[in-house]
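Peer 1: Chain by chain, the residues:
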Amino acid sequence: MRHTVLIALLLAGGCARAPKPVSEVVAVSAIRLPASPADAAWDRAPEHIARMVPQDLVEPRLLTPSTPEVRVRALTDGAEICFRLEWEDATRSDTPGPSKMADACAVQIPEKIEKDLPEPQMGQDGKRVQVTYWRADWQATVDGRGDTIRDLYPNASIDHYPYDAKTIEGGDRARQEMALRYAPARALGNLRAGPRSQPVEDLIATGPGTLSPGPSLGAKGKGVYGRQRWSVLISRKLPDGLGVNQRTHVALAVWEGSQHETGARKMRTGWIPLVRRGE
Amino acid sequence: MARVYNWQLGREMAYWYPEARPRRQFAAVFDTNKCIACQTCTLACKTTWTSGKGQEYMLWNNVETKPYGSYPLAYDLRLLEMLNGQQWNGSRYTGQTIFESAPAGERVLGWRPEEQDFAYPNVGEDDCAGEVDGGKYLSLPHLNWFFYLARICNHCTYPACLASCPRGSIYKRPEDGIVLVDQGRCRGYQECVKGCPYKKVFFNPLTGTSEKCIACFPKIEQGIQPQCFVNCIGKIRLAGWISKPEQARADNPMDYLVHIKKVALPLFPQFGLEPNVYYIPPIHAPVSFNQQLFGPGAGEAMKTYRNAMHDPDLASLLCLFGSTELVVPRFRRQGDLAIGSDEKGAEIVRVPLREPVHVRPAFDAKNQLVRINCP
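If you read the protein sequences in the order shown, they are chains C and Z.
My numbering puts the first residue of the first sequence at 1, with every later residue one more than the last.
My numbering puts the first residue of the second sequence at 1, with every later residue one more than the last.
Treat the hints loosely; a few may be bogus.
As the list claims (entries may be wrong) - One-sided and incomplete, this derived list gives chain C residues near chain Z with beta-carbon spacing under 8 Å:
#: 1; residue: R71
#: 2; residue: E86
#: 3; residue: T262
#: 4; residue: T269
Claimed, not checked - In silico lysine-lysine, DSBU-like type, Cα no more than 35 Å apart, as pairs:
#: 5; chain 1: C; residue 1: K166; chain 2: Z; residue 2: K344
#: 6; chain 1: Z; residue 1: K366; chain 2: Z; residue 2: K46
#: 7; chain 1: Z; residue 1: K219; chain 2: Z; residue 2: K262
#: 8; chain 1: Z; residue 1: K219; chain 2: Z; residue 2: K136
#: 9; chain 1: Z; residue 1: K366; chain 2: Z; residue 2: K244
#: 10; chain 1: Z; residue 1: K46; chain 2: C; residue 2: K166
Bear in mind the hints are in silico, worked out from the structure with no lab data behind them.
The C-beta atom is built at its ideal place from N, Cα and C for all residues, glycine as well.
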């Protein structure tokens, strides 16, 4: 009997810390933003369950729906806004390679708070959207896994990299310069190409196919996989002009790597109201 | 989709973008009859461009043994099966290209090679089309056959990689028709890897972008042939500039071989990309097999090549293969000499149609010794 009462009290307490799902994304004020998706601070934020639809407006389209919903919560310290996205995923996809796509998610917010919203699908001409994009393979790299063939395929046989030759004159600097010549994306400063310190990217877009690096919004991220579920924290600068009790909008996207989802092949939401609450 | 004209199909076809031919088009002719699969071309390319981390399995240039070789695995058979054969009415293709048969939601008909498909670059190497036991190899002509197919990016007029990229990260240079992946813009969606029927775009897992043959454009810009051409010890390759059929010039090596003599043919023209690497088909392989690879002109091309020894103009041009590091945009025959020149007529190289033969007696009377003809 004593145990039953204790369990009932615990359940009641748990319900009190987990507000009911809400119809919009509510960014609750916090003194300190969590660095982990498992932080207890998330219990204070109400959860919005966002229904997802396949991207079927532009080719290549996603014709087979995958991730049906994503659960999102938000916190803000007045300078940054931090989202936690959670979705069910039976397969962890975090290794890059031919025909291998990584699990990923993204948060999209209009660059300006305006009455007329940009197109929810990547914005439009004259109405840019800011996209903060997280990937599972980047997370694995940031968490310490190497990204070379030897790291990905421990039994791979590799003859030689010319820039590793001991006879190269000029030492390490010459070797690094030579290695860069064999990594053209890095040589051109493509931020997609790494190396990276965060598993997320700041991007802007003005329509499908226009995604490009944007001004830094200080994006940070942390994704954790467990119990067939991704739990991903994405933080970035608070949208300009988003005062207490004011609204903007947010759209979300999830890519299921095991279904070869990448780029335009994704599950997405439309615009969801995003409101900032004070204390 | 736009309507564009593909002269290799003899008809208009659907393509993702309107027709926009470059000011001049890089092209090449490979003589399969001379290739010995030494892979010097493969190594020349690999050493120059893809020796970095993340590029380990990339072979912008590869040489595969037909009928069984392929890289990545069965790249050609898989798509041929998806296309369900091909139909030609004379020189007009009446079947469907990969653009016309794109499934709903897709830009082209394609497939994704898995990582294992890149694990066997020399599958089928030197395997011939049938068994040679029981003394079959003793008879001539040989009952069984194989040949080597050297492949690079075809720098197609209608690239499927370019059409597949939803970001416009792949472009065809207007000055020379070379197709490139913009390494600053690519985000590694691998749509191009899926879309290219020749599977000549490769994903780099280290940088997360896709990379492909660049036709050694820094050399081309200086009028020099690419690495895989100038290092070819079989002298099977010739680079140049190809015109549209109605603008073909008899003194342009590419035009002469492709449009006038029709001895060099595109690889899998039925896919619809108007590829710009042309092959002189192997004359010892069955016509039906060559037709599958090179289209309906294969039989006539084989006859033309067999007759080259009686065709001094054709023979002279074949002598210019591998004769100079420079691109040879013009050629002419002067008696028993093949002469390559630049576009203004300035001579680049001259090669005799027949090398002089010297017979050296086994016994050297001057030095009173017997020589042997071994190295």
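Peer 1: Hint by hint, say whether it matches the structure.
Peer 2: Verification of the hints:
1. The interface hint given for R71 of chain C is broken, as the beta carbon of that residue sits about 27 Å from the closest beta carbon of chain Z, more than 8 Å.
2. For the restraint placing E86 of chain C at the interface with chain Z, the shortest Cβ-Cβ distance is roughly 25 Å, beyond the 8 Å limit, so the hint is violated.
3. Taking 8 Å as the C-beta cut-off, the interface hint given for T262 of chain C holds, the closest approach to chain Z being about 5 Å.
4. Interface restraint check for T269 of chain C: the shortest CB-CB distance to chain Z comes to about 20 Å, outside 8 Å, so the restraint is violated.
5. Straight-line distance between C-alpha atoms of K166 of chain C and K344 of chain Z comes to about 47 Å, which puts the hinted pair past the 35 Å bound.
6. This hinted pair does not check out: K366 of chain Z and K46 of chain Z have alpha carbons roughly 49 Å apart, beyond 35 Å.
7. Taking the CA atoms of K219 of chain Z and K262 of chain Z, the gap is about 28 Å. The hint holds against a cut of 35 Å.
8. For the hint linking K219 of chain Z to K136 of chain Z, the alpha-carbon distance of about 47 Å lies beyond 35 Å, and the restraint is violated.
9. With a C-alpha separation of about 60 Å, the suggested pair K366 of chain Z and K244 of chain Z falls outside the 35 Å cut-off, and the hint is violated.
10. With a CA separation close to 20 Å, the supplied pair K46 of chain Z and K166 of chain C stays within the 35 Å bound.
When each numbered hint is compared with the structure, violations occur for hints 1, 2, 4, 5, 6, 8 and 9.
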